[in-house]
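Below are the chains, spelled out letter by letter.
2 protein chains.
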Amino acid sequence: MTEPVRPGGNGTDRRSGRGPGRRPGPTETREAILAAARDLFAEKGYDGASLRAIARAADVDPALVHHFFGNKEGVFVQAMQFPVDPEKLVPRILGAPRDRLGETMVRTFLEIWGDEERRAPILAMLRSAMTNEQAAVMMRQFVSAALFRRAAETHRIPMLRINAAVGQMIGVALLRYVLKVEPIASATDEELVELIAPAVQQYLG
Amino acid sequence: MTEPVRPGGNGTDRRSGRGPGRRPGPTETREAILAAARDLFAEKGYDGASLRAIARAADVDPALVHHFFGNKEGVFVQAMQFPVDPEKLVPRILGAPRDRLGETMVRTFLEIWGDEERRAPILAMLRSAMTNEQAAVMMRQFVSAALFRRAAETHRIPMLRINAAVGQMIGVALLRYVLKVEPIASATDEELVELIAPAVQQYLG
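Just so you know, the protein sequences line up as chains A and B, in that order. Sequential numbering from 3 applies to the first sequence in the working numbering. Sequential numbering from 3 applies to the second sequence in the working numbering.
Okay, chain A solo, but in the shape it has when bound (with noise of 0.2 angstroms):
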């Protein structure tokens, strides 16, 4: 997760507002923010935790946390290795037309889950939300207002029919991916596609 560092900086370090002494290389002050910004999700939840607040804690300028990572969500997204961006998700599925959201939320699904890279970290977070109230806090904060929220404000679906399909997808990954229930497991992607999304655009459509 660490950047490579840009040759001679770019400066932006230097902005940071600190006192004198040993000034720290962008990659050391980038992973300062980043060790802030766990604590503080952890402490204060997603929605708790705010980028001036990160900042403060890893004794940065705001507009330096700007700089590294765009928003919030950025920050969480880096700092708790979230296996999905949002930024580029959202506008993927939402970008569809209204009469194939349900089929392109199923093909996006499949494939962020059929990669076993990505599927790991997916699955050790839903782990630890299964395991640890904080940890749910978080992930519930986050996913409500990088996903849930944003999809719903874009077509004016219900959040409740968002929740339910994704729920749908959350399920059908599970059976699929992680207990290799038989034969969803072996099904193809196409054989999903046909038989679950006419389901998801019942709730979005």
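What you were told as hints is all true, and nothing was included just to trick you.
One copy or two, either will do: identical chains are not told apart, so a pair holds if it fits within one copy or between any two.
The calculated DSSO-like cross-link candidates involving lysine-lysine, where the alpha carbons are at most 30 angstroms apart (straight line), are:
#: 1; residue 1: Lys-46; residue 2: Lys-182
#: 2; residue 1: Lys-90; residue 2: Lys-182
#: 3; residue 1: Lys-46; residue 2: Lys-90
No lab work stands behind these hints, which were simulated from the structure alone.
Given chain A, put chain B in place with the hints provided.
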């Protein structure tokens, strides 16, 4: 999970083919069978552990296992403290008229997951299946044999459709009861029946 010792015993433990020596009481015998069953299920999976092999490992007559637990399903439910008894669950869902299978399934799932005492062991089992391949194999085989296959046979519904319907319910339960995502966490059961039953019915009908 222990049964009260029946006063005076009913003699069943004496048909166990044991050699001479101290004769275990029914509770002891029952526990020995369950311990042997847990070992065998873990080692060979649900499909691979026969009732006969469980009896052999517990050093009792197979008729005694049958007497205590009915069948292999019953042994599994008790040995793994499986929170749902397929003997009761499956007939309840499948007893519904075909055009109300969706509604009945949603209501049954919400009732089971809505009860915290039953939810805890389901979650524990799901968590271990998510962490441990051996646990996943056991759960997959049991769920397939005891729930899915039976449901498929009764109503001649393709297994893949049953998987999709169960996936819908598992995912909704995770969002509602575990991650507690809003608004699905606070929705009433009736709202959820109205929203989700049509999708489940579409799979099963």
